[in-house]
Amino acid sequence: MTTSFWGSRRERVMRIWAGWRKSVRRRHVVGFGCGALLMVLLLTWQSGLSAGLSQPSRPQPTLSPPTVPATPQEHCGGNDAELVVATGDDVSTDGVQRKMIDEWNDLLKPPSDPRAKLLELSGSTDVARAQMAALAQAGSCAYDILVLDVAWVTEFARHGYIQPIDLEGRDDRFLSGPLRAGQIDGEQYGVPFAADAPLEYRRRGGRSGGYLLQLDDNEMGTINFLETIELGGGKVLDGDDRTAIALDHERDSTWQALKSSRRTLSSPEESAVLLRESLQMDEDASVVAFKEGEIGGRTVSYMRNWPIAFHQLASDPRMRAPDKGLMFEVHAPATHGGVLGGSVLAVSQHIKPGKLAPAKRLIDRLSSPEVQARLFACGGYVPVLTEVYERYAGGGGSVCQRQDGSDITNPSLSELATLAAETRKSIELARPRPKSPYYAQFSELFRRCARGVWENKVSQETFFASVGALEEALSGRVQDDRPLCGKEGT
Amino acid sequence: MSDIEQNEPAATEPGRSPFASAVQAALIGALAGAFVTWISTPWLDLFKSQPFHIQLWVSLGAGVLVGAVTLIPMLRDLIQRHPKQVRTALCVLAGGALTTGVWTVVQAVAADDQCPAPAELRLVTAPENVTELTARAQSYVRQHQTEDGCPVVRMTVGVAPPPIHLRDAFDNRWEWREDRRDQPYARLYDLQPDAWVATSAAEPDELRAGGLQSLGAPGPENAVGRDRLVLAMTPQRREELSTYMDNPDGYAFREVWDTLTKKMGMTVARPFPETSVAALIGTHDVFHDRGLPRSRYPRAEQELVENGLGADTVTSLLCEFDRLADKADTGDPKIALLVPGHSVDDFNANRVEGCEGTGDSAPLVAVRHHDLSTLDYRFVKVTWPDQRSAGREKLVDHFGAWLRAHPLFPSAPGPGESGLGPQELGQLKRLVLDELRPRLDLRLLIDTSGSADRPVRVQAAEAVRANSRLLGPRDEVQVFGLHAFTRNGPAVVTRIVADGDREQLGTVAASIENTAFDKWDAPASAGLGRLGTGDEAVATPVVLLTDGRLFDNEGRGDAAKVIARALEDASTVSGLYVVVFGQDECAVTALQDTRKPYRCVTASEGADKALTRAIITVRGWR
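Chains H and C, in that order, give the protein sequences.
Using my numbering, you'd call the opening residue of the first sequence number 1 and step up by one each time.
Using my numbering, you'd call the opening residue of the second sequence number 1 and step up by one each time.
Don't take every hint at face value.
[Unchecked claim] With a Cα cut of at most 25 angstroms, we get these calculated DMTMM-like pairs of lysine to aspartate or glutamate: (1) 609/C - 415/H; (2) 324/H - 552/C; (3) 99/H - 518/C; (4) 457/H - 353/C; (5) 394/C - 282/H.
[Said to hold, decoys possible] One-sided and incomplete, this derived list gives chain C residues near chain H with beta-carbon spacing under 7 angstroms: (6) 82; (7) 85; (8) 86; (9) 88.
It should be emphasised that the hints constitute simulated quantities derived from the structure, not laboratory data.
Quick reminder that beta carbons are idealized off the backbone N, C-alpha and C, glycines included.
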C-alpha cells in the first residue's frame with residue numbers, strides 16, 4: 001500500500017515536470033534570465049548610488065574607527081608595583097572603599113602581590129566611562145581592575161575592553177539580578193560588587209506633601225523616567241536583554257504613566273503629587289530637599305532614591321526623633337518596574353599577565369561576605385551576596401562600630417535589617433537596563449524626549465515617533481542634523 | 001456606433017459654453033488632485049523610507065493593479081492576441097522578482113545590525129566654552145558617519161582644570177598632585193583629554209616654554225575661534241550709560257570704567273584669576289587699560305575680588321548674577337560683568353551650564369571696547385605616553401582640522417588686538433597670583449560634632465589637600481575643632497593642627513581625617529569667642545566648615561545678631577566665612593550689626609571648589 005502510494009505520487013510529479021518542460025520554451029528561460037540580469041544591474045547601480053547620493057549633506061566617509069593597537073607591554077604604561085582599581089568616586093562620603101583597600105594592603109594581601117591603588121576618575125559616570133573606554137581603545141595598561149556601572153558592562157565586554165572572569169562555580173552566592181548584570185553573551189565579565197534598586201523614602205507624620213524624583217539631565221534622569229513609565233503601568237523596554245523598544249505597545253497606559261501628575265506609593269491604594277522641581281534634582285540635591293522637608297516652598301513628604309541615601313539621612317540628627325528613632329521610612333516599590341543599578345568588578349583586557357592573579361585575589365576579597373557587610377553597614381553600598389541579607393533577616397548582621405567607640409550617627413542593627421529587607425525586595429522586582437553596547441545613545445535620546453514631554457515641549461505624536469530612533473540608537477546609529485525631541489521640541 | 005466613435009471625448013453639453021466646461025473640469029480635477037494628495041500624504045513618507053527595489057516593485061504592482069481593474073477587457077484582448085509575448089514578459093518579471101528576493105535575503109543576512117565601536121575622544125576646555133564645544137562635537141559626529149549611519153567617533157567634553165592646576169595636571173598624568181602620606185588613593189582632574197581647547201594661544205605656549213612635552217606643536221593653524229572680552233550689564237544700565245556716552249568704544253577705557261564705577265555707582269565683577277584664564281586676561285585689561293600705576297594694583301585687585309560675587313568661573317559668575325537678578329528686592333543689579341562676549345549670548349539664550357532660566361529676569365547687553373583683550377582659542381592635541389594609538393591620534397588631528405574650518409563663536413566680532421603672549425601671561429600670573437595676594441594666616445574652624453562626621457570630615461580633608469596650589473610660601477594654616485561635650489553644653493575649641501604651611505597640607509588633611517567627630521554641636525558664636533581672645537597682633541580670618549546644624553544652637557533670639565555680636569567682639573578675628581556641607585542653604589546669610597566681613601556659602605559644587613573660593617576671598621580680610 002505504502003509502495004503504491006509513493007509510486008503513484010512519484011509518477012504524478014514526473015508527469016507535471018515533463019509537462020512543464022514541454023511548455024517551457026527557450027525564450028522563457030532567456031526572458032527569465034534577462035529579467036534577473038536586469039534586476040541585478042539595477043540593484044547594483046542603485047546600491048552604489050545610494051552610498052554616495054542618498055544623503056547629500058553627509059560627506060563620503062574618509063574616517064573609520066581605529067582598531068585597538070597591539071601596544072607592547074613595556075610601552076603600555078602602568079606601574080608594576082601597583083594594582084590600579086579605577087572607579088567613579090566613593091559616594092559613601094565616608095571613604096569606606098578606601099578603608100577596604102587600606103586594609104588589603106596593610107594586612108591581607110600576599111607579600112608578593114602589588115599594592116592596590118584606588119584611582120577615582122570622576123563623580124560623573126559618563127566621564128568615568130569615557131575615560132575607561134579611551135584607555136582601553138589606546139591599549140593602555142594603566143588600569144587593571146575597573147569598577148564598572150552595570151549599564152556599561154555590555155559595551156565593555158562586546159568591544160573587548162574587559163575579559164571574561166571565572167567565578168569558580170560559586171555563582172549561587174550572588175543575588176541573581178546583579179549576577180546576570182555581569183553576564184554578556186553567556187559569559188561572566190563582571191563580578192557583582194554593589195547592587196542598587198529604587199526605594200521610596202517617606203517622611204513620618206507628613207503625608208500631605210509631594211513626591212520628589214531625580215529628573216535632572218543625566219543618567220539618573222533616564223532611570224527615573226524609565227521607572228515613572230514602567231512602575232506606572234506603561235512599557236518602554238521588552239525582551240530578555242531589554243533591547244526591544246516597546247514604547248508604542250501600550251500607548252495609552254505609557255502616555256498616561258509619563259504624564260501623570262501623581263505617583264502610586266508602595267502601598268498601592270495611596271498616591272502622592274509629583275513635584276515638578278524634580279526636573280532639576282539629582283541624588284544629592286533631592287536628599288537635601290527631603291531632609292529640609294520642602295523645595296521651592298512646597299512640602300516634600302516622599303522621595304525616590306537609591307539605598308545609599310538611607311545612610312545620608314540616618315546620620316543627620318535632624319532626621320531622628322528625640323527617642324533617636326528615624327523620622328522616615330523606606331519601602332520597596334509595590335510592583336515590577338524599578339531599574340536595577342549597581343556596579344561590577346571587571347578585569348581590563350590589557351592587564352599585564354603577572355597582575356592577573358593578584359587582581360582576582362583582590363576581587364575575591366572585595367566581593368567577600370565580610371567586605372560586603374562592612375560596605376553596607378558603614379558606607380551604604382548595597383550587598384550582592386545572599387548571605388549578607390540572610391544574616392540580617394535572621395537577626396544577625398553587622399553594624400558599623402567606629403574605632404573611637406562612638407556610634408551616634410550610624411544606623412542601628414534593626415534599621416539596617418529593615419533597609420536590607422526592603423532593598424532585597426526592590427532588587428528582586430527591578431529590571432535591568434538594555435544590554436546594548438550603545439546604551440549611552442539610547443539613554444540620551446530617551447531622556448531628551450521624556451524631559452521634553454514633562455516640559456510640554458514634546459507632543460505625544462513626537463514622543464511615540466521616537467521608537468525608530470531609539471531602536472537605531474540601541475544599535476549605535478546617530479541621528480540626523482535635526483535631532484528628534486531637540487531643544488526647540490515639536 | 002463604432003468603437004472609434006465610442007472612444008471619442010464627450011461633446012460639450014448643449015447650452016453650456018466651452019469656458020464653463022473648462023472651469024468645471026479644472027475644479028473637478030483640482031478637487032480630485034487634492035483628495036488624492038490628502039489620501040496619499042501619510043503614505044509618501046513611508047514609501048520614501050523604503051529601499052529603492054521595494055519602491056520599484058510597489059510602483060509596478062500598483063500600476064498592474066490599476067491597469068487590471070480599469071483595463072480588464074483590453075488586457076484580456078492583449079493576452080489573447082499576444083500570448084507568447086505576455087508569457088515572456090511574465091518570465092522577465094519573475095526573473096527580476098526572484099533576484100530581488102535573493103538580494104533582500106542576502107542583504108538581511110549579511111547586514112550587521114550593530115555598529116562597530118566608535119573611537120572615544122576626550123576634549124576639555126574652560127567651563128564657559130563647554131556648551132559651544134559640545135555642540136560642535138555633536139555636529140562633527142553627525143557629519144562623520146559610516147555609510148550605514150554608524151558614528152566613527154564618540155566625543156565627551158569636560159571642564160579643564162583651572163589655570164593654577166594646569167601644569168600639575170599635564171605633568172602628573174592628569175592626577176592631582178596631593179600629599180597623601182603614602183595612602184594608596186589618587187584622583188584625576190576629571191576627564192583626561194586627547195585635545196584641549198585653550199582660551200588663549202599664550203596658555204599652551206607658556207606650558208611648552210616650561211618644558212611640557214605632551215602638547216602638540218604650536219602655530220597659528222591651530223586657531224579654532226576668536227572672541228573678545230566685554231562688559232556685560234542689564235539693558236537699563238546700558239541705557240543709563242548712554243546718557244553719559246553714546247558710544248563707549250569711542251572713549252578711553254579709563255573713562256568708561258570711571259563712568260560706570262563713579263558716576264553710575266556700579267561695580268565690575270570678574271571671576272577669580274586663579275581659576276579662570278579669561279578673568280586673568282581681563283585683569284590685565286583692568287590694570288593696563290585703566291592706566292593704573294603699579295602701586296595701585298593691589299587695591300584694584302582686592303576690589304575685583306570683593307566685587308566678584310565669590311565666583312570662580314565665568315559660568316558661576318553668570319549664575320550668581322542671575323540669582324541676584326531673580327531676587328525681587330535686588331531690582332536691577334548695579335553690576336557689570338567682565339566676561340567673554342559669547343557668554344552674554346549663552347546667558348540670554350539660557351545656555352549656561354548648571355543654571356536654568358538665565359536671562360529670564362534680566363537679559364544682558366554686551367558693551368564692547370577696543371581695548372578689551374581678544375580671546376584666541378587654540379586646539380591643542382595632547383599625547384600621553386601610555387595611551388599611544390596612531391588611529392586615535394589621526395582622528396584627533398582630523399577633528400582639529402574640521403574645527404578650524406567650523407570655528408567656535410562665529411558670531412563674535414572680528415579680530416581685534418592680538419592676545420597676550422606667553423611671557424606676558426606668565427608675568428601676569430606671577431603678578432596677580434603671587435605678588436598681589438597678601439599673606440594669609442588662615443584659621444580653619446571645623447565643626448567636629450557627630451552630625452558633621454559624614455558630610456564634613458573626609459570632604460574637608462580632601463578640600464585641604466586639593467588647595468595646596470592656592471597657598472603661597474609665606475601662608476600658614478591653623479586648624480581647630482568646635483564641639484560641645486554635652487547636649488547644649490559649653491563650646492570647646494580644640495587645636496587640631498598648630499601651624500602648617502603649604503608643604504605640610506598632607507599632614508593637616510590627615511589630622512582632620514583622623515579626628516573623632518563624635519561630640520555635640522556647639523554654637524559658632526561661642527567658637528568665635530574662644531578663638532577671638534588670642535594674642536595675635538593682627539586679626540586674621542576664620543573659615544568655618546560645618547554641616548550647618550550649629551546655627552540651631554545659637555540660643556534664644558536671632559542667630560544673625562548673636563553671631564554678629566560675637567564677630568564684633570572677637571578682636572583677633574577679621575571676618576567669618578562659613579562653608580555649609582550637605583545642605584542647599586545657609587541659615588544665616590548676612591549679618592547686619594558688624595563691620596567685619598561675613599559670608600556663608602554651600603559646598604554644593606564640591607568641597608574643594610568651596611574652599612578655593614573661601615581662601616581667595618578671605619585673603620584680603622584684614
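List, from low to high, the hint numbers that the structure doesn't satisfy. Numbers 1, 5, 6, 7 and 8 - these are the hints that the structure violates, sorted from lowest upward.
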